[in-house]
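Make a model of the complete structure from these sequences and hints.
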Amino acid sequence: MTTTKFILVTTQRSGSTWVIDMLNSHPQIAAYGELFLDKGKGSPTWCGGKDVTFWNTYFEEVQVPFKKTIKSLFIFKYLNHVYSPRSSIKSVGFKLMYPQMERFRRELLAYIFLNKILIIHLIRANHLDVILSQSTAAFRGVYHLRNSESTENVKLHLNVLQLVEQLQQQEEKILQAKSWYSKLGLPYMEVIYEELVADCRSFNAVLSFLGIKVDATKLSSSLKKINPKSHAELIENYDSVRDVLQNTKFCELLR
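If you read the sequence shown in my numbering, its first letter stands for residue 1, the second for the next number, and so on.
The set of hints was computed from the structure by calculation and includes no laboratory data. Please note that the accuracy of each hint is not assured.
The list that follows gives simulated cross-link-like pairs (lysine to aspartate or glutamate, EDC-like), each with its CA atoms no further than 16 angstroms apart [unchecked claim]:
#1 K71 x D21
#2 K41 x D21
#3 K39 x D21
#4 K224 x E152
#5 K39 x E60
#6 K155 x D239
Derived DEER-like restraints, expressed as beta-carbon distance ranges [to be verified]:
#7 R255 x R146: 21 to 27 angstroms
#8 Y188 x N80: 19 to 25 angstroms
#9 N147 x F76: 35 to 41 angstroms
#10 V197 x I70: 39 to 45 angstroms
#11 R86 x E61: 19 to 25 angstroms
#12 K77 x E233: 19 to 25 angstroms
#13 K39 x Q162: 26 to 32 angstroms
#14 E252 x W180: 45 to 51 angstroms
#15 P65 x S202: 32 to 38 angstroms
#16 K39 x E252: 36 to 42 angstroms
#17 E233 x D199: 20 to 26 angstroms
#18 T2 x S148: 15 to 21 angstroms
#19 I70 x S148: 21 to 27 angstroms
Positions of the beta carbon are idealized from the N, C-alpha and C atoms, including for glycine.
Quick look at the structure:
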């Protein structure tokens, strides 16, 4: 059986944990979390498959002299292990954050070109929601929740003097990634997080891209949004935020 190999590239707090969890729930897909997570130990726990360790753990367990001098070789061996064929699995992939590609660019680019890895670029269109998600996660110390779990409600006070600049930086980061990944010459698709959340059938395009029979009803996840509230409920200084965004292109981000 031919296995389709993919990476899901994105930036933090863009819903990628949920997307990977959804994809991994399909019986013919093995999807993993941030395998190249800095300081990752053991195996990813919050989303996707649990049968592959983080790259850091894999490399620590390598017992050969001068292994750091041939680190690139072991990255290739590790990725071969990640993408190794599995019974009944037609597509295998993992989540890769923008900075992780930067850190391992030489090895990862060589591997994805040689193996014709498909690229799924997940984008959270509402940059304000990204900032709010980062802030609430940092405040609570809670980054993900299951349906059976709860957490405290929070009210965020945003720095309106820095907000427009933060939104511009987030936008530019995504635009640069879109330009760079789309020009690699590899199979590439962009997926909007908000569209996936609004209608699960939007996953059908992803399944088709991966060569999987289109049936989004097979996908599920017990993860839930941490901030389901409207911005007016979540942002303590909502009026000030609205005023500072009013005459900018970001005003439409308020909900």
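Hint-by-hint comparison with the structure:
1. Taking the CA atoms of K71 and D21, the gap is about 30 angstroms. The hint is violated against a cut of 16 angstroms.
2. Only pairs whose Cα atoms come within 16 angstroms are accepted, and K41 paired with D21 is rejected, the gap being roughly 19 angstroms.
3. About 21 angstroms separates the Cα atoms of K39 and D21, which puts this hinted pair outside 16 angstroms; it is violated.
4. Distance hint between K224 and E152 is fulfilled; the C-alpha atoms sit about 14 angstroms from each other, no more than 16 angstroms.
5. The suggested pairing of K39 with E60 holds, with an alpha-carbon distance near 11 angstroms, which does not exceed 16 angstroms.
6. Between K155 and D239, the direct Cα distance comes to roughly 13 angstroms. Compliance with the 16 angstroms bound is thereby established for this hinted pair.
7. A beta carbon spacing of about 25 angstroms between R255 and R146 agrees with the range 21 to 27 angstroms that was offered as a hint.
8. For the pair Y188 and N80, the supplied restraint of 19 to 25 angstroms holds, since their beta-carbon distance comes to about 23 angstroms.
9. Between N147 and F76 the CB atoms are about 39 angstroms apart, so this pair conforms to the stated range of 35 to 41 angstroms.
10. Range check, V197 to I70: Cβ separation about 43 angstroms, and the 39 to 45 angstroms hint holds.
11. About 21 angstroms separates the C-beta atoms of R86 and E61, a value consistent with the hinted range of 19 to 25 angstroms.
12. Our hint of 19 to 25 angstroms for K77 and E233 is violated, since their Cβ atoms are close to 49 angstroms apart.
13. As the Cβ distance of K39 to Q162 is approximately 28 angstroms, the hint placing it in 26 to 32 angstroms holds.
14. Here the CB-CB span from E252 to W180 is close to 26 angstroms, at odds with the stated 45 to 51 angstroms.
15. Range check, P65 to S202: about 50 angstroms between beta-carbon atoms, so the 32 to 38 angstroms window is missed.
16. In this structure the hint that K39 and E252 lie 36 to 42 angstroms apart at CB holds, the actual value being about 37 angstroms.
17. Between E233 and D199, the C-beta spacing of about 24 angstroms keeps the proposed range 20 to 26 angstroms intact.
18. The hinted window of 15 to 21 angstroms between T2 and S148 is violated, with their beta carbons roughly 38 angstroms apart.
19. For I70 paired with S148, a C-beta distance near 45 angstroms fails the hint of 21 to 27 angstroms.
Of the hints listed earlier, those the structure fails to meet are numbers 1, 2, 3, 12, 14, 15, 18, 19, in rising order.
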